[in-house]
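If you want the building blocks of each chain, they are given just below.
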Amino acid sequence: KQEVTQIPAALSVPEGENLVLNCSFTDSAIYNLQWFRQDPGKGLTSLLLIQSSQREQTSGRLNASLDKSSGRSTLYIAASQPGDSATYLCAVRDYGQNFVFGPGTRLSVLP
Amino acid sequence: DTAVSQTPKYLVTQMGNDKSIKCEQNLGHDTMYWYKQDSKKFLKIMFSYNNKELIINETVPNRFSPKSPDKAHLNLHINSLELGDSAVYFCASTDHGDMDSMRQFFGPGTRLTVL
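Protein sequences, first through last, are from chains A and B. Basically our numbering = 1-based index in the first sequence + 14. For the second sequence, position 79 matches number 61 in our numbering, and the numbering has no gaps at all.
Bear in mind the hints are in silico, worked out from the structure with no lab data behind them. Given the structure is predicted, the values throughout are model-derived calculations rather than measurements. Any given hint could be a false lead.
Said to hold, decoys possible - Estimated spans, in silico, between C-beta atoms of each pair: (1) A:92 <-> B:62: 46 to 52 Å; (2) B:93 <-> A:67: 34 to 40 Å; (3) A:29 <-> B:9: 32 to 38 Å.
To be verified - Only part of the chain A face toward chain B is listed, based on derived beta-carbon distances under 7 Å: (4) 60; (5) 63; (6) 112; (7) 122; (8) 123; (9) 125.
For each residue, glycine too, the CB sits at the ideal point set by N, CA and C.
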């Protein structure tokens, strides 16, 4: 059974810092991995999707990497801003249509 | 235009009642999902519907039943509501025909409170 964990559970940084969020999964037989952002009281917004054959994806200040063999993904946020404050979740999809989410990392970027 | 919409946004009801949550997507996606996010913020998949066929039912009690009148809608019916059903329920959709993407798009959520 696939299990997804995320470290740290919460993170507080001053504005302008670069930071890394970590996601680990137990079963490397994944179809893709997706990073989401969730603002309080809101739904999830897809940030980046990495197919199992890819190593990384970039969008603006965000870069996500995938090491399928070790069961790890990282989300790198450059030059963090207060508007980046949210909960970040990673989710893996298997070769069926099952998505398993991690518990999330709650990020606070202080002005 | 909202891509994935849910109604109602908030739902407060008594134990034992039957209620429904509606979901609609205007993205032309072929697969829709229901998720439950509990008080600890853990998001767990409940159902997946592809072309009116139930693909996944992750040990969800049979008091919960998805109903899909067409490809753009997946409604969630809940019978005999229990206190433990209180949570935020999210609808999502994906286009599995788009192999390069298959991103999930989420609705804004429905906060269900059972008293």
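Evaluation of the provided hints:
Residue 92 of chain A and residue 62 of chain B have their C-beta atoms about 50 Å apart, which keeps the hinted 46 to 52 Å range intact. At roughly 38 Å, the beta carbons of residue 93 of chain B and residue 67 of chain A sit within the given window of 34 to 40 Å. For residue 29 of chain A paired with residue 9 of chain B, a C-beta distance near 35 Å keeps the hint of 32 to 38 Å intact. Checking residue 60 of chain A against chain B: minimum C-beta separation of about 5 Å stays under 7 Å; hint holds.
Interface hint status for residue 63 of chain A: upheld, as the beta-carbon distance to the closest one in chain B is roughly 5 Å, under 7 Å. Residue-level restraint check for residue 112 of chain A holds (minimum Cβ-Cβ distance to chain B is 6 Å; threshold 7 Å). The interface hint given for residue 122 of chain A is broken, as the beta carbon of that residue sits about 15 Å from the closest beta carbon of chain B, more than 7 Å. Restraint check, residue 123 of chain A versus chain B: the minimum CB separation of about 19 Å is more than 7 Å; hint violated.
Hint status for residue 125 of chain A: violated, given a least beta-carbon distance of 25 Å to chain B, over 7 Å.
Against the hints set out earlier in the document, violations occur for numbers 7, 8 and 9.
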